[in-house]
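Participant: Residues per chain, in single letters:
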Amino acid sequence: MIYFIFNQLTNKKTDLNYNPYLIRNIGNQIMTMLAGLFSVIAILPLILVLSYILIKGSSQISLSLFTELPPSPGLESGGIGNALLGTFVVTTIAAFVSIPIGVGGGIFLAEYSKSGWFAKFIRFGTNALSGIPSIITGVFIYGTIVVNRLIFGHTYSALAGGLALSILMLPTIIKTTDEGLKLVSDDLRRGALGVGASRFVTIVQITLPMALTPITTGIVLAIARAAGETAPLIFTALFSPYWPDLLSRDSIFSPIATLSVLIHNFSIMPLKAQNELAWAASFILVLLIFCLNLFSRLLVRIASK
Amino acid sequence: MDYPYLLRNRPRSEKLLDAGFKNLMVALASVVALILFAILIVVFRGSLESMGRYGLRFLTTSNWNPIDDEYGAGAAIYGTLVTSLLSLLIAIPLGVGTAIFITQNIIPWRIRNLIGLMVELLAAIPSVVLGLWSIFVMEPFIRPFLEFLHNYLGWIPLFSTPPMGPGTLPAVFILVIMILPIITSISRDSLDQVPEKLIQAAYGIGATRWGAIMNVILPGAISGIVGGIMLALGRAMGETMAVTMIIGNSNNLSLSLLAPGNTIAAMLANQFGEADGPQVSSLMYAAFVLIIMTLSVNIFAQWLVKHLSFKY
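For the protein sequence lines, the chains are A and B, in the order given.
Quick note on numbering: our numbering labels position 149 of the first sequence as 149, and the sequence is numbered without any gaps.
The number in our numbering is simply the position in the second sequence, starting from 1, with 1000 added.
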């Protein structure tokens, strides 16, 4: 005690005091700083990419960007209207195909067979499918639908592109549906079954509505990802310099322009007007995807309240 | 005496509806397995012709000549492995370091959440946009640095060619940006799962923060982290657009990281549109190799996460 007071008075450090000059404490400081530096490096690309897209893209926003066709090589003015519409069409097709299959598969996994061999197999397949590179789905659709002209004799088409994207969306939707339904408490199911509801009614009227938010979140995220995908589209939906004729049936059976393929095609052209349009298209695409992401976050926040 | 309340008499239509609904769900779930098998079969069948002609020689030779119909994917396979492994090497310390930084009470939670959100948003940027950025912004910016590497370290085979725009190293950098979010978010989840008591115990016996991280927290979370790294490796192998736009698409096998290279995915993206005949079959063969590579990495990753998960 006297020793302690003496030390306090003379301000001498005892062993129990924090000594910043110990090797372990110096090492600690260095490692913390290093980790902080790594985090800064990790978020730097986002800031750099976003700010550049913002500066480059927002300066070109005008009405003609949305209403005009891309210029032919050598010409100056033009827009990306057809690609914007095309992205909408292709993503809608993909959503229409993948949502029923994905939600259905998720319902099977969560409601009918939680641990049977078939459910294990489907879970494994879902994980394996989510690990397959996006370009492979393009190769697959090319090898089945495009080459063999499976869709009424058409080759490259918006429908083929949409199908390729739907394969990409499937695993995400199945997983989120499965997880969402698992969160619904079993008491609700027993209650519903107890008052005499059939299995079908229980699922459709009780568990599905309860899990609607996580399922929707998953679907929105899957759509956001599909909207930005390029690789499966470059040889399934191809590209088109014209407007898709939405009123006629032919529009989904013929090649269609999309924002992502437009960015790819125009970025490798040595023409200034096309490069500028690629930046404008990136700006709109990133904006679209971030809005979808924020929307899904909003959904989660609403659900947690 | 009957018990009218015990068992409700289910009308026939209800039973039919129930069974029908269940069968429909089973059918929809089977679609996933069907698609997976269909992908494997279609790509395998497509590559049969090329497999028969070149056999395993396809994997090691690297001449890609559509005029003479001589094909070998050696350069592309080499490029796929080099770019993915090298990007992994850079992304692991960055990603795991970031994950530690945002899980271990080093900074206020608001900033932690912000960093976490930004890393996740980075994952949402489309590959093609990153490719565009890498062509027009990143590559011109890092070229002086690459020239410096060539001028002073040119005697190392890795830097033996002068940088001329697109090349393997810029592709590696863009891959790092693309796989960082995966490594960070999965590491973050595994680090969060380490029991709080364990960490407190480590601090209780006088460990410094990094003593606890290195000896207790990281070993506890390592299986999840390694699984995440493997998933990132699978993603890096299959990543297409950004790599295609910046790697230069040269089929000459070059050891130099500054020279243009190729990956399987980039080769597919570039040539499928205008390929015909034997070239399509060879591309399918390359696609099949890519599927096998990514699938095995992914399955191994899932096995790791499942079987080596936290055992405290």
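Treat each hint with caution, since some may be false.
Once the Cα atoms are required to be at most 20 Å apart in a straight line, the calculated DMTMM-like pairs of lysine to aspartate or glutamate come out as [unchecked claim]:
| # | chain 1 | residue 1 | chain 2 | residue 2 |
| --- | --- | --- | --- | --- |
| 1 | B | Lys-1306 | B | Asp-1192 |
| 2 | A | Lys-120 | A | Glu-179 |
| 3 | A | Lys-56 | A | Glu-76 |
| 4 | A | Lys-114 | B | Asp-1018 |
| 5 | A | Lys-175 | B | Glu-1120 |
| 6 | A | Lys-175 | B | Asp-1189 |
| 7 | B | Lys-1022 | A | Asp-186 |
| 8 | A | Lys-114 | A | Asp-187 |
| 9 | B | Lys-1022 | A | Glu-76 |
| 10 | B | Lys-1306 | A | Glu-76 |
These are computed hints drawn from the structure, not numbers from a lab.
Participant: With a cut-off of 20 Å on the C-alpha distance, tell me whether Lys-1022 of chain B and Asp-186 of chain A pass.
Facilitator: Given pair Lys-1022 of chain B, Asp-186 of chain A holds - Cα atoms ~19 Å apart, limit 20 Å.
Participant: Quickly compare the C-alpha distance for Lys-175 of chain A and Asp-1189 of chain B to 20 Å and report which way the hint goes.
Facilitator: holds, 17 Å
Participant: Next pair to validate is Lys-114 of chain A with Asp-1018 of chain B; report whether the Cα-Cα distance is within 20 Å.
Facilitator: holds, 18 Å
Participant: Would the pair Lys-1306 of chain B and Glu-76 of chain A pass a check requiring their Cα atoms to be no farther apart than 20 Å?
Facilitator: violated, 56 Å
Participant: Are Lys-175 of chain A and Glu-1120 of chain B close enough, with their CA atoms no more than 20 Å apart?
Facilitator: Holds, at about 19 Å.
Participant: Decide if the proposed pair is consistent with the structure: Lys-1306 of chain B and Asp-1192 of chain B, CA atoms, cutoff 20 Å inclusive.
Facilitator: holds, 17 Å
Participant: Is Lys-1022 of chain B within 20 Å of Glu-76 of chain A, Cα to Cα?
Facilitator: Not satisfied, since the Cα-Cα distance of roughly 58 Å exceeds 20 Å.
Participant: Between Lys-114 of chain A and Asp-187 of chain A, does the CA-CA distance stay at or below 20 Å?
Facilitator: holds, 16 Å
Participant: Regarding the pair Lys-120 of chain A and Glu-179 of chain A, is the alpha-carbon distance no greater than 20 Å?
Facilitator: holds, 15 Å
Participant: For a C-alpha distance cap of 20 Å, please report whether Lys-56 of chain A and Glu-76 of chain A respect it.
Facilitator: holds, 17 Å
Of the hints listed earlier, those the structure fails to meet are numbers 9 and 10, in rising order.
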